[in-house]
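What follows is each chain in one-letter form.
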Amino acid sequence: MRRVSEEDVKYVAGLARLNFSADELRTLTGELNRILQYFAKLNQVDTTGAPPTAHVLKVKNRFREDTVEPSLPREEALKNASTVKDGSFQVPQIME
Amino acid sequence: MELCDLTIHELRGLYARKEVFPSEVLASVTRRIHKVEKDYGAYLTLDLEGAAEQAQAADARIKAGKALGVLEGIPVAIKDNLCQAGKEATCASRILQGFVPPYTATVVRKILAQGAVILGRANMDEFAMGSSTEYSAVKESKNPWDPQRTPGGSSGGSAVAVAAGEAIAALGSDTGGSIRQPAAFSGVTGLKPTYGLVSRYGLVALASSLDQIGPLTKDAEDSALLLNILSGFDPMDSTSVRVKELDYTRDLQQDLSGKKIGLPLEYFGAGIDAEVKRTVMKAVDLLKELGVEVVEISLKFTEYALPAYCIISSAEAGSNLARYDGIRFGKAAARIEDNLAAFYTRTRSEGFGPEVKRRIMLGTYVLSAGSYEAYYKKAQQVRTLIIKEFNEVFQQVDAIITPTTPTTAFKFGEKSQDPLRMYWSEVCTAPVNMAGLPAISIPCGFSCGLPVGMQIIGDHFMETVILNIAYQYQRVTDYHKARPEPVRKEGTA
Amino acid sequence: MRFDTVIGLEVHAELATATKIFCACTTKFGGAPNTQTCPVCLGLPGALPVLNKRAVEFCIRAGLALRCEIAKFSKMDRKNFFYPDMPKAYQISQYDLPLCRDGFLTLDCGKKIRINRIHLEEDAGKLTHSTGTERYSLVDYNRAGVPLIEIVSGPDLSTPAEAVEYLEKLQRILEYLEISDCKMAEGSLRCDANISLKPIDREELGTKTELKNLNSFKALSRALDYEIKRQSELLAAGQAVRAETRKWDEAKQQTLSIRSKEETQDYRYFPEPDLVPIELDPAYIAGIAKSLPELPDEKKQRFMADYGLPEYDADLITSAKRLAEFFEAVNAWYFNPKAASNFIMGELLRLLGEEQLKSAEIPVNPASFGDLLKLIDEGEISVSVGKQVFAQMFRTGAAPEEIIKAEGFKQISDETQLLAVINKAIKDHPQSVQDYLGGKEKAAGFLVGQIMRETKGQANPKLLKDLLHRELEKLKE
Chain A
1 MRRVSEEDVK YVAGLARLNF SADELRTLTG ELNRILQYFA KLNQVDTTGA
51 PPTAHVLKVK NRFREDTVEP SLPREEALKN ASTVKDGSFQ VPQIME
Chain B
1 MELCDLTIHE LRGLYARKEV FPSEVLASVT RRIHKVEKDY GAYLTLDLEG
51 AAEQAQAADA RIKAGKALGV LEGIPVAIKD NLCQAGKEAT CASRILQGFV
101 PPYTATVVRK ILAQGAVILG RANMDEFAMG SSTEYSAVKE SKNPWDPQRT
151 PGGSSGGSAV AVAAGEAIAA LGSDTGGSIR QPAAFSGVTG LKPTYGLVSR
201 YGLVALASSL DQIGPLTKDA EDSALLLNIL SGFDPMDSTS VRVKELDYTR
251 DLQQDLSGKK IGLPLEYFGA GIDAEVKRTV MKAVDLLKEL GVEVVEISLK
301 FTEYALPAYC IISSAEAGSN LARYDGIRFG KAAARIEDNL AAFYTRTRSE
351 GFGPEVKRRI MLGTYVLSAG SYEAYYKKAQ QVRTLIIKEF NEVFQQVDAI
401 ITPTTPTTAF KFGEKSQDPL RMYWSEVCTA PVNMAGLPAI SIPCGFSCGL
451 PVGMQIIGDH FMETVILNIA YQYQRVTDYH KARPEPVRKE GTA
Chain C
1 MRFDTVIGLE VHAELATATK IFCACTTKFG GAPNTQTCPV CLGLPGALPV
51 LNKRAVEFCI RAGLALRCEI AKFSKMDRKN FFYPDMPKAY QISQYDLPLC
101 RDGFLTLDCG KKIRINRIHL EEDAGKLTHS TGTERYSLVD YNRAGVPLIE
151 IVSGPDLSTP AEAVEYLEKL QRILEYLEIS DCKMAEGSLR CDANISLKPI
201 DREELGTKTE LKNLNSFKAL SRALDYEIKR QSELLAAGQA VRAETRKWDE
251 AKQQTLSIRS KEETQDYRYF PEPDLVPIEL DPAYIAGIAK SLPELPDEKK
301 QRFMADYGLP EYDADLITSA KRLAEFFEAV NAWYFNPKAA SNFIMGELLR
351 LLGEEQLKSA EIPVNPASFG DLLKLIDEGE ISVSVGKQVF AQMFRTGAAP
401 EEIIKAEGFK QISDETQLLA VINKAIKDHP QSVQDYLGGK EKAAGFLVGQ
451 IMRETKGQAN PKLLKDLLHR ELEKLKE
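Protein chains in written order, with our numbering: chain A, 1 to 96; chain B, 1 to 493; chain C, 1 to 477.
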């Protein structure tokens with residue numbers, strides 16, 4: 001099993017939009033490696049021919065009819081927002 | 001014995017005969033809360049005024065001789081991850097501080113429709129990640145049997161509320177053991193239904209393919225009563241199942257003779273406390289006396305179930321928790337920079353606790369480019385084998401019995417610094433979620449004064465079978481009636 | 001160095017369902033911001049998606065029309081990325097098992113363009129960026145959760161013209177299927193392009209760039225032209241093309257780099273645990289196949305064969321389903337295809353305006369229109385009067401007879417009445433008469449024009465011509 005480096009952990013933190021201090025990063029890298037080591041136990045299992053299971057029950061084709069129902073009043077939709085402007089959710093400038 | 005120590009079915013009898021009224025029961029529960037809550041910390045928020053109004057309305061209905069709901073005038077606690085319109089739902093996380101859902105979870109709607117009196121919102125591990133309530137961002141709940149010890153988790157607050165008489169019953173959620181494990185630690189009965197039997201609509205998701213809502217109660221009969229209300233198809237949850245409506249109290253009285261129970265060797269092996277094993281085996285012996293046939297079975301994928309569970313639940317959790325970004329709801333970081341990505345990162349880094357971050361990191365990692373096949377897909381394949389193995393065993397037996405937890409309640413700080421040791425708390429319960437099976441944990445004795453839980457696992461949608469076994473066991477034992485010391489004292493005072 | 005151009009298009013079409021893909025909010029365009037949202041499409045904690053049956057049906061319609069295989073087993077997946085227009089921070093889409101795959105679309109020259117896949121996914125909300133000094137963006141989630149299909153072509157298009165034709169045909173087909181409004185201006189049809197160049201003597205493809213923001217046919221065509229020029233100059237100079245995403249800048253008329261492929265996002269796709277798999281009954285799919293309308297190319301061929309229309313006419317009239325249906329209804333009432341076609345192409349299209357054509361009802365009753373053509377054919381009114389009548393029918397919806405009566409448009413077929421006007425014209429325009437008598441036959445045309453003006457176009461043209469000719473010949477003698 002490949003060990004993860006602090007760089008790897010930083011990359012994953014970036015994907016998850018989390019930030020860690022240098023100390024936290026070091027601790028976390030150690031923890032993740034121990035946990036991943038534990039996960040590697042799964043390599044002992046021969047899973048040849050075993051399809052992956054995403055849903056435990058064989059439920060399928062669950063649809064709704066295309067019928068309109070009332071939406072939330074706007075003030076309800078916005079009431080939990082951190083910043084609202086002109087009936088919209090305001091977010092900081094997006095920098096590409 | 002105080003009114004607050006009674007069960008739903010006992011109170012229903014008293015109400016029906018108009019011997020007792022909901023307001024009196026609520027008063028008793030309120031007295032208990034005032035007495036012990038400061039020590040136990042079962043609740044995050046209490047709404048006793050709202051509860052009083054509900055109780056008075058129930059009084060009036062009873063006095064007027066109107067048709068009563070199944071939960072008419074029954075004070076219950078609900079876990080803080082269940083949405084109720086107008087009530088703050090935080091999942092014991094800083095990031096959800098101030099979030100007031102504009103809608104109500106299906107299960108909450110259902111219990112309200114049956115007249116339940118909602119007391120407040122129970123403490124939990126943050127986003128249901130944990131087995132002790134130590135990961136709650138707000139506070140730890142204490143085990144009433146020994147306040148130095150955790151009540152288990154993540155539905156720890158729900159378990160404590162029921163154990164200490166701070167509620168007649170409670171709702172919890174179970175992803176890898178979060179109902180059964182605290183039930184075992186706190187000496188109450190906890191049922192995790194078959195995946196899909198209870199709607200998840202309005203349950204703040206941890207791991208969507210594993211989460212299930214269920215009751216924590218004082219006995220199996222109350223579990224059955226609550227399941228009657230919670231279960232049923234919900235068009236708002238695509239994974240909810242259309243099954244024939246069933247009265248889950250129907251088979252409680254059935255004789256156990258002829259029932260076949262499997263004891264999986266793997267659940268009585270290394271890592272399981274010897275005293276816990278002995279206590280569960282003693283309970284199994286008692287079941288034999290009740291006519292149950294016991295056979296040894298093997299579930300050889302057991303040791304892989306926990307790591308596979310950790311991978312799948314973290315992956316789903318990482319994705320489910322991505323929406324907490326401080327924009328539409330929850331607590332946002334200060335907008336000190338004009339940059340969205342920095343705002344996201346600050347909000348999330350300030351808002352989530354260490355365990356949640358750890359799981360998000362794990363979940364993000366196992367799905368990231370280059371890791372998917374080795375971890376996520378592998379875990380899903382192992383899941384297939386686990387399901388298959390359970391299916392095969394259920395060809396031979398009606399139920400499987402195991403310890404609910406590898407140990408009795410552990411002390412605060414004992415495991416919270418070591419994630420792997422904490423995850424181990426779910427070693428007996430997580431495989432059940434992986435296979436989507438129903439299981440109930442019931443008190444089956446004590447070890448050094450701490451409750452031991454016995455887990456009874458059934459085949460898919462066979463809740464009636466495990467409830468029947470649990471009920472018959474409780475009929476001839478009184479472990480489920482035992483109350484922790486401080487509560488007993490108060491009760492006799 | 002000479003290069004082959006390799007182009008593939010990714011087209012997103014918003015489906016014309018009444019509700020969003022996973023909740024019962026309306027999909028209506030143009031509502032006030034955040035008035036068409038609910039816990040599900042806002043991604044509130046605890047809310048769960050339930051798939052809109054019609055969205056699945058529409059995706060399959062598109063797949064069948066584009067000759068795709070419809071998946072026996074399909075599922076939804078999560079595509080994880082943070083962006084404020086995507087409320088859950090993941091888009092529910094389809095990854096490895098799309099509903100439709102391996103189809104094709106045929107260009108007029110007969111070339112088949114492969115359709116690699118068509119999958120179902122949810123749209124994002126709308127972002128508006130501040131323009132002042134205070135820098136922020138506003139998010140409106142009304143569009144979040146509107147169903148989309150993404151249609152991915154193979155890298156089979158060789159010129160910008162082919163790309164435009166492909167997109168036009170695709171748009172026409174989706175419109176015929178009545179599954180999308182296909183309005184590029186409103187964003188209900190969006191197009192991204194992948195383009196690379198390769199030296200003609202080589203097999204392997206060159207490095208491609210992905211072009212975004214191609215919001216009109218013109219933008220598609222120009223962006224591809226620009227990119228061909230840019231890439232070929234780079235390659236000719238011995239430089240490498242960078243794998244990157246570029247945006248078409250309408251104002252600057254050029255493509256600009258927005259993201260290199262090294263920064264490609266790690267989307268961490270995995271099966272959506274909140275939605276169960278889709279396993280469709282073959283009978284259900286066969287039912288949809290049976291309900292498919294005649295598609296634009298088939299209709300065009302039929303119009304040429306059955307109505308004897310020239311290709312140009314057939315193409316234009318089948319460009320919108322409504323128009324083609326109108327044409328057929330007119331001819332069912334009164335059969336004169338070429339006259340109907342001329343009127344539709346000339347008058348109706350002008351009155352409707354190009355864009356209106358796709359959505360607006362045609363305000364003319366086909367039977368009345370047939371009556372009008374009949375009146376012209378029977379000499380009751382002239383073609384030019386017919387056009388005036390048609391314009392009024394378009395505005396008021398009145399029947400042609402009523403308009404003719406009210407306006408006094410009846411054709412003048414009375415010889416005495418006509419002769420009076422003819423003789424007046426001969427008297428008023430001696431020069432033209434001289435010209436005619438001197439052998440300039442065309443001069444008669446001028447006189448006809450004068451007479452028509454005098455009679456407000458109501459003179460029976462055939463009779464007028466005969467009488468004028470007779471009168472002029474008389475002068476010769």
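It should be emphasised that the hints constitute simulated quantities derived from the structure, not laboratory data. Check the hints yourself; a few may be wrong.
Heads up, simulated BS3-like pairs for lysine-lysine below, C-alpha to C-alpha not over 25 Å straight-line [what the hints assert, rightly or not]:
no., chain 1, residue 1, chain 2, residue 2
1, B, Lys38, B, Lys481
2, C, Lys72, A, Lys58
3, C, Lys53, C, Lys28
4, A, Lys79, B, Lys63
5, B, Lys63, A, Lys58
6, C, Lys72, C, Lys53
7, C, Lys79, A, Lys10
8, C, Lys72, B, Lys388
9, C, Lys247, A, Lys58
10, C, Lys198, C, Lys111
11, B, Lys388, A, Lys41
12, A, Lys60, B, Lys377
13, B, Lys244, B, Lys87
14, C, Lys53, A, Lys58
15, C, Lys247, C, Lys126
16, A, Lys58, B, Lys139
Derived, one-sided and incomplete: chain A residues facing chain C with beta-carbon distance under 7 Å [what the hints assert, rightly or not]:
no., residue
17, Asp8
18, Gly14
19, Arg17
20, Phe20
21, Glu24
22, Pro51
23, Ser88
24, Gln90
25, Val91
Bear in mind the structure is a predicted one, so any value in this text is a computation, not a measurement. Ideal Cβ placement from N, Cα and C applies to all residues, glycine included.
So, going through the hints one by one against the coordinates:
| no. | hint | result |
| --- | --- | --- |
| 1 | B/Lys38 / B/Lys481 | holds, 23 Å |
| 2 | C/Lys72 / A/Lys58 | holds, 15 Å |
| 3 | C/Lys53 / C/Lys28 | holds, 18 Å |
| 4 | A/Lys79 / B/Lys63 | violated, 40 Å |
| 5 | B/Lys63 / A/Lys58 | violated, 47 Å |
| 6 | C/Lys72 / C/Lys53 | holds, 16 Å |
| 7 | C/Lys79 / A/Lys10 | holds, 21 Å |
| 8 | C/Lys72 / B/Lys388 | holds, 24 Å |
| 9 | C/Lys247 / A/Lys58 | violated, 44 Å |
| 10 | C/Lys198 / C/Lys111 | holds, 20 Å |
| 11 | B/Lys388 / A/Lys41 | holds, 20 Å |
| 12 | A/Lys60 / B/Lys377 | holds, 21 Å |
| 13 | B/Lys244 / B/Lys87 | violated, 33 Å |
| 14 | C/Lys53 / A/Lys58 | holds, 19 Å |
| 15 | C/Lys247 / C/Lys126 | holds, 18 Å |
| 16 | A/Lys58 / B/Lys139 | violated, 40 Å |
| 17 | Asp8 | violated, 12 Å |
| 18 | Gly14 | violated, 9 Å |
| 19 | Arg17 | holds, 6 Å |
| 20 | Phe20 | violated, 17 Å |
| 21 | Glu24 | violated, 21 Å |
| 22 | Pro51 | violated, 11 Å |
| 23 | Ser88 | holds, 4 Å |
| 24 | Gln90 | holds, 5 Å |
| 25 | Val91 | holds, 5 Å |
Of the numbered hints given earlier, the model fails hints 4, 5, 9, 13, 16, 17, 18, 20, 21, 22; all others are met.
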